Amino acid sequence: MGRGGRWSRFVGVVCILAAGPAAAFDPAPWLGTWHLVVHYQDAADPNPEAWHWEDRIWVLAREGERLSWTEYAIVRFEDETGRFADLGTSHARRLGRRWEPSAFQLGEIVGPGLRVDPRGMRSKQLELASEERYGSVTGRGAAANQSADHVGYVESGSIEVDEDGLARFEMRSRFQFAAGSEEAGWLRYGVEETGDESFAGRYERDGTRVGRFWARATRIRAPEEGAGAEELQVDLVPKRRLKNQAPVFLALLRPGRYGSERSIRVETVPAGAELELFYLRNGAQLAYKKGSAPLRVRLPRRLKVSELDYFVARARAPGYETQETSVPVISDVTLLQIPLQPLGNELLAAAHSHLAGRTALALDTSELPNLRSYRGADGINVIFLRTAPGSEELAAALGALRSPHLARVGLLAAGEDLVVQLELTPEAVEQGLDLRVLSAPGASHFSHRTVVVLASPTAAVARVARTRQALARIGGERVFGCGSSFDGALRAALERDALSRALAPGSRTMGPTLRAAMRRLGEISDEGTLQLEDGSTLDLRRPLELELAMSRAAEVRGYLSLLRALCEELEDEQWRATALQGLVAPAEQGQAFPAALSAAQDAEARCRLAASPGSVY
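With positions in the sequence shown counted from 1, the corresponding number in the numbering used here is that position plus 338.
Keep in mind the hints are simulated off the structure, nothing from the lab.
You may find that some hints are simply not true.
[Said to hold, decoys possible] In silico EDC-like cross-links for lysine to aspartate or glutamate, where the CA-CA straight-line distance does not exceed 20 angstroms:
(1) Lys577 x Glu599
(2) Lys642 x Asp573
(3) Lys627 x Glu612
(4) Lys627 x Glu605
(5) Lys628 x Glu754
(6) Lys627 x Glu662
(7) Lys628 x Glu605
(8) Lys628 x Glu612
(9) Lys581 x Glu662
(10) Lys627 x Glu599
(11) Lys642 x Asp670
(12) Lys581 x Glu599
(13) Lys627 x Asp573
(14) Lys628 x Asp573
(15) Lys628 x Glu659
(16) Lys627 x Glu614
(17) Lys642 x Glu612
Quick caveat, the model's predicted, so the values are computed rather than measured.
Starting from the given sequences, assemble the full structure and let the hints guide the process.
Here is the structure:
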């Protein structure tokens, strides 16, 4: 069964407990930590007969006269067999069938427990309103004075018990408009049977998803937890002598409570958060220590403390909001679990390009960021306020990035802020590059793009002229013939959607260059006609068809070969591959693009070998 702690900060929600039966509602049978598995069919799915599954963890805990209800939607097993395909990649997906825990997975559930990801967490807090109900009246997204253009979002939850003692858990969400409200969705779990540390019943969502759910008692497993691990202890007993706050006879009557040693174990989800620990009496700080969760904190005996003595734990972790929780030292709390809320904004992806003396680093975040930038002697720091750093793979990819202007790119989590550190090369420092920060559409509809541009403030006109001259030197012999083999092989090796996004005409940094390159391709093509992969043609002598060619740039034959030739004209040999990747695959990480480029070069070499005298082909 799960262990509840006193949590002082929750995601704001409206939690209204529906009126129960005549008898007082006793939440005790439902308290604990539960793993839920749901099987359902979706009438709105193109195949309504198909079965789907999902799982989650609930933590139901009593906190004095309150109940807390926390849900984790992302659950991790040591053995993920039967749950996901391509796990660990960007294409991971849930297997479309009715997954049920195997014998080994059941052992994890009832034994050591499961791991959770706080990014899928939401919490509700219910206050005791009467003998028969719990509820609160704080809402997320609700506004007291809504203007005509304001839209609020409110979630509500309820728990009610029928005359047989079976519970029904329900969640609802609404959009709040100035003229009223509109229901956004609802979710219901109706318990129909109970067992030994388990319960099951009917699942319904929005009137279209219908199925069954099963819940089993489990626990949340800390990532660093391991057999035989020595527990870290911190002494928070004030150094100044404390007088007895409780009558001495209480220690004689109840020595186990008032006279024995007092300690609290502090855990965070995720584990490993940095902790600041305070001992306060009537608001004054008597002791202070630091540590990392999980740890055990030694406190004074209850004989020495009063109701004005509080233990305060402040938890910090990269990518999460700072959480502060207080517990009366005189209370019976022995375990303090602090779930950390992920920051609302997160770095999702990055893309890099460099051409003709201008470098652009595009950073996609889940929300519109609040930015600060500071320039030092040999680098630039761009600070994304209240933003999580994203995945380790993304940080590694940025760390491996090199260009004529960038010696290193690093990510630093500074409290709740993300610092993007741009270390400039000596050449870039000597040039005195100008810094511009632009906003652009993200790679998806659910992201925002920030583009950091480094370029010489006095070389813009010369850069444009240099690019035009480079394009004028490119003839058909460098694009067509065996160049077509390079073009086709590189296009086949790159992901089509990513290539289309890279060559889209809307870019404020590379858009003019890409358009000029397409126009040059039309000039060196037969009668200004471009060939597309599907066999259709476009006549670039017509302005409208140039726009159409730009929108379908990933399908235009010869375009990638021309861009390669442009990079050869503008960049030194060591930076040509970097420049080409910035044009056609700026977001690609690792060795994927070098491998695709090598395969395209091999295809071109085979073509030239076949065309040479004495070839065996």
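List in ascending order the numbers of the hints, as given earlier, that are violated by the structure.
9 and 17
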